[in-house]
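2 protein chains.
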Amino acid sequence: MNRVEEPLLSVSERRIATRLCVDAPLGAGQTVGLAPQQAHYLRTVLRLSTGADLALFNGRDGEWRARIDALGKGWASLAVIDQRRAQQPEPDVWLVFAPIKRARLDFLVEKACELGAARLLPVFTQNTDVSRVNCERLRANCREAAEQCERLSVPEVAEPTGLRDLLADWPADRHLLVAAESGHAPPVAEALARAREQAGGRAGVPASAAPWAVLVGPEGGFTEAELDALSKLPFVTAAGLGPRVLRADTAGIALLACWQAWLGDGDARPPFRG
Amino acid sequence: MNRVEEPLLSVSERRIATRLCVDAPLGAGQTVGLAPQQAHYLRTVLRLSTGADLALFNGRDGEWRARIDALGKGWASLAVIDQRRAQQPEPDVWLVFAPIKRARLDFLVEKACELGAARLLPVFTQNTDVSRVNCERLRANCREAAEQCERLSVPEVAEPTGLRDLLADWPADRHLLVAAESGHAPPVAEALARAREQAGGRAGVPASAAPWAVLVGPEGGFTEAELDALSKLPFVTAAGLGPRVLRADTAGIALLACWQAWLGDGDARPPFRG
Chain A
1 MNRVEEPLLS
11 VSERRIATRL
21 CVDAPLGAGQ
31 TVGLAPQQAH
41 YLRTVLRLST
51 GADLALFNGR
61 DGEWRARIDA
71 LGKGWASLAV
81 IDQRRAQQPE
91 PDVWLVFAPI
101 KRARLDFLVE
111 KACELGAARL
121 LPVFTQNTDV
131 SRVNCERLRA
141 NCREAAEQCE
151 RLSVPEVAEP
161 TGLRDLLADW
171 PADRHLLVAA
181 ESGHAPPVAE
191 ALARAREQAG
201 GRAGVPASAA
211 PWAVLVGPEG
221 GFTEAELDAL
231 SKLPFVTAAG
241 LGPRVLRADT
251 AGIALLACWQ
261 AWLGDGDARP
271 PFRG
Chain B
275 MNRVEEPLLS
285 VSERRIATRL
295 CVDAPLGAGQ
305 TVGLAPQQAH
315 YLRTVLRLST
325 GADLALFNGR
335 DGEWRARIDA
345 LGKGWASLAV
355 IDQRRAQQPE
365 PDVWLVFAPI
375 KRARLDFLVE
385 KACELGAARL
395 LPVFTQNTDV
405 SRVNCERLRA
415 NCREAAEQCE
425 RLSVPEVAEP
435 TGLRDLLADW
445 PADRHLLVAA
455 ESGHAPPVAE
465 ALARAREQAG
475 GRAGVPASAA
485 PWAVLVGPEG
495 GFTEAELDAL
505 SKLPFVTAAG
515 LGPRVLRADT
525 AGIALLACWQ
535 AWLGDGDARP
545 PFRG
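Residue numbers (the numbering used here), protein chains in the order written: chain A, 1 to 274; chain B, 275 to 548.
With the rest of the complex left out, here is chain A (with noise of 0.2 Å):
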């Protein structure tokens, strides 16, 4: 059977279970080559051989499908064949987050790629009892994120920094959304609607035009300090999440979802459904 022949249109052919991210530029007729890991994914876990058809992309040149070459004990060798997606614009959003606990961690992690985060950036404040992060294995469950999700990108991942001077670097004209709970900051619903507003009144517009942060704070909150001074800076929202109080893996989900279904993508609909 050959498959390139077959129009995108068929319902078996539009979905291509098998999605890697890879670093070298795609193009048609190009010949990409897989680091081990993912040619021993493809071989061993997966078990596909010569012919099979899979879906790459880079973050830069849209979503391509590509036919194994040839395959060997970790490494394997592609054909580029057609673009299946265009790259296109993403929200820009960053999930900023005080790291915690190793399995929370990775949860957040997978979680905050797949409602779309552009960019994680982990923050020391003054009741983070976590100490190091692992930024290689952030990284890695984001690839593996991206990939199970669909998206075209992956989040990119910062080396951790204190609160104090990620605020001072702060680039003025992005918004950040901060879970609050204390104090008198608004519903999520109200802070994001007005955001809306001011932003041109309709779902989807402010995700190009502006570029929002959302913060959450380490298991034991911020300090009085901190929250006064996140406070008094001009780019900060503060949002209530409700009556109960969030672990801060939840509270970080629940702020991104509801920014990307209020002010993101969230009119877009996944690619290649009927």
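Don't read these hints as lab results, they were simulated from the structure.
Quick caveat: nothing in here was measured; it's all calculated off a predicted structure.
Glycine is no exception: its CB is placed at the ideal position from the N, C-alpha and C atoms.
Take these hints with a grain of salt, some might be off.
[Claimed, not checked] Restraint ranges, calculated between C-beta atoms of paired labels, are given here:
id, chain 1, residue 1, chain 2, residue 2, range
1, A, C135, B, E493, 27 to 37 Å
2, A, K73, B, R413, 45 to 55 Å
3, B, K375, A, G220, 27 to 37 Å
Position chain B against the provided structure of chain A, taking the given hints into account.
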């Protein structure tokens, strides 16, 4: 130091770190015995001893301050002192979900509890590849998450059922919000804004007025037949969650977060905060 005499307004007194859910009725002057694991937790994990204060709730009588009267190996006796919060009505939103693998299910259940789901209903769909659900484990997770997030109730965990049976017995007045990754579903912001308008136009209002549920399918998605059946039901509202294909757990958490923000108790603030 006699903590009973202290005003409820001092910060250190207002926040009691340890909260436990008990089955016994709660009222001033009552004596409450703890389950063996709870007594073990107080004694061995938290290293509390006689005279320490904690907060108790049972889902019916609000939250009460209690003091450890006696504590032994696997048993504890508490004296209930005074009420910290009266029981309050909570949003009537269920989470209906196809069972997923254990680590993700634990996570989903914890998050659903934090996000205020009143009831969790595991449902088997055609593509569900997990065949058993340990409901007792889910109930224990719910209890722990409720203690942690300062809820006054613990979500009820229903016994698993099939999707067809569930829908056949569905209460007609309960709206069902379904995460749809294909088809012409409106974005979740639009679906919720419409529902809010129909319910009276203000966040928080429908929480007590209209019962809701959110439904997420298994990792493999719903089948065409299931989607077809769902789309014909008068109580179903389909909603899209943007262009990325979310895992089942992410979709459930995102829907609950958005629902609470726009139709639930997103307006309320956590108790005992400045």
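Hint check:
1. C135/A / E493/B: 27 to 37 Å: holds, 28 Å
2. K73/A / R413/B: 45 to 55 Å: The hinted range 45 to 55 Å holds for K73/A and R413/B, with Cβ atoms some 48 Å apart.
3. K375/B / G220/A: 27 to 37 Å: holds, 31 Å
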